[in-house]
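> First to last, the protein sequences are chains A and B.
Whatever position you read off the first sequence (first residue = 1), add 70 for the working numbering.
Whatever position you read off the second sequence (first residue = 1), add 1 for the working numbering.
Since the hints were made in silico from the structure, they are not lab data.
We put the CB at the ideal spot given by N, CA and C, even for glycine.
Do not rely on the hints blindly, as some may be mistaken.
[As the list claims (entries may be wrong)] Derived DEER-like restraints, expressed as beta-carbon distance ranges:
(1) A:Gln86 x B:Gln43: 23 to 29 Å
(2) B:Glu60 x A:Thr126: 43 to 49 Å
(3) B:Ser16 x A:Lys73: 35 to 41 Å
(4) A:Ser144 x B:Ser6: 28 to 34 Å
(5) A:Thr126 x B:Gly54: 48 to 54 Å
(6) B:Ala3 x A:Ile78: 28 to 34 Å
(7) A:Val129 x B:Glu60: 37 to 43 Å
(8) B:Glu53 x A:Pro77: 50 to 56 Å
(9) B:Glu60 x A:Ser93: 42 to 48 Å
(10) A:Phe109 x B:Glu60: 23 to 29 Å
(11) A:Val129 x B:Gln61: 31 to 37 Å
(12) B:Glu88 x A:Thr91: 25 to 31 Å
(13) B:Lys56 x A:Phe109: 29 to 35 Å
(14) A:Lys73 x B:Glu53: 26 to 32 Å
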Amino acid sequence: LAKTTQPISMDSYEGQEVNITCSHNNIATNDYITWYQQFPSQGPRFIIQGYKTKVTNEVASLFIPADRKSSTLSLPRVSLSDTAVYYCLVGDGAAGNKLTFGGGTRVLVKP
Amino acid sequence: GAVVSQHPSWVICKSGTSVKIECRSLDFQATTMFWYRQFPKQSLMLMATSNEGSKATYEQGVEKDKFLINHASLTLSTLTVTSAHPEDSSFYICSADRTSGRGGTQYFGPGTRLTVL
């Protein structure tokens, strides 16, 4: 399983864009990159998944360079409710493929 | 879509008793489900992989006789904590693997808070 490295924490202010970069130097050819958000005492919530280049949905964008050794989750115009822990995971996406959670990034959005 | 539920959301039990936690995929079928444990201020730790119709696969250090897993249907997996002790108090989270044309994604339940007195 490819290991991921993320910053432990980040502070931001309401209305700003938050970018969290994750390193996954040993990513395999078949691996997808998935980001989850977790609030205290709740299960992780799927945010976005990608394989290469850029993926965008209604809540975030995911940027993946050509070498795929890192990825950046971009949260546009954050609000206080975006304060959470964000996890970057790498896995081949095959049915039954298990994921290994790293420490995640604790994002604090201030007013 | 991709909703996973857990029941109960919290449970308090006495030491030595057994507790069963249910995990259901409500709007999709999941051949594989996963069980995680999370202690305060820590990340999720995978306990076991639950496969429908077959035995679960446990991670190293997880006692299979203490944490019984049953995956009897494509929408239900159960985790039973047998002879629970205070050190088993934790937040237990399940996930269900939903496979699409391009690969699988795990969707997580809301978690179950277990407190053993």
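> Confirm or reject the claim that Glu60 of chain B and Thr126 of chain A have a C-beta distance inside 43 to 49 Å.
violated, 34 Å
> Is the distance from the Cβ of Glu53 of chain B to the Cβ of Pro77 of chain A consistent with 50 to 56 Å?
violated, 38 Å
> Is the gap between the beta carbons of Ser16 of chain B and Lys73 of chain A within 35 to 41 Å?
With a Cβ separation near 37 Å, Ser16 of chain B and Lys73 of chain A satisfy 35 to 41 Å, so the hint holds.
> Return holds or violated for the Cβ distance of Glu88 of chain B and Thr91 of chain A against the range 25 to 31 Å.
violated, 36 Å
> Starting from the hint 23 to 29 Å, judge whether the C-beta atoms of Phe109 of chain A and Glu60 of chain B obey it.
holds, 25 Å
> Lying within 31 to 37 Å: is that true of the beta-carbon distance Val129 of chain A to Gln61 of chain B?
holds, 35 Å
> Between Thr126 of chain A and Gly54 of chain B, is the Cβ distance one that fits in 48 to 54 Å?
The hint (48 to 54 Å, Cβ to Cβ) is violated, given that Thr126 of chain A and Gly54 of chain B are roughly 38 Å apart.
> Are Glu60 of chain B and Ser93 of chain A spaced within 42 to 48 Å by their CB atoms?
violated, 24 Å
> Determine whether the Cβ-Cβ distance between Ser144 of chain A and Ser6 of chain B falls within the hinted range of 28 to 34 Å.
holds, 31 Å
> Holds or violated: 29 to 35 Å for the Cβ distance of Lys56 of chain B and Phe109 of chain A?
holds, 33 Å
> So does Val129 of chain A sit 37 to 43 Å from Glu60 of chain B, Cβ to Cβ?
The hinted range 37 to 43 Å is violated for Val129 of chain A and Glu60 of chain B, with Cβ atoms some 31 Å apart.
> If you check the beta carbons of Lys73 of chain A and Glu53 of chain B, does the distance land in 26 to 32 Å?
holds, 29 Å
When the structure is compared with the earlier hints, violations turn up for hints 2, 5, 7, 8, 9, 12 and for no others.
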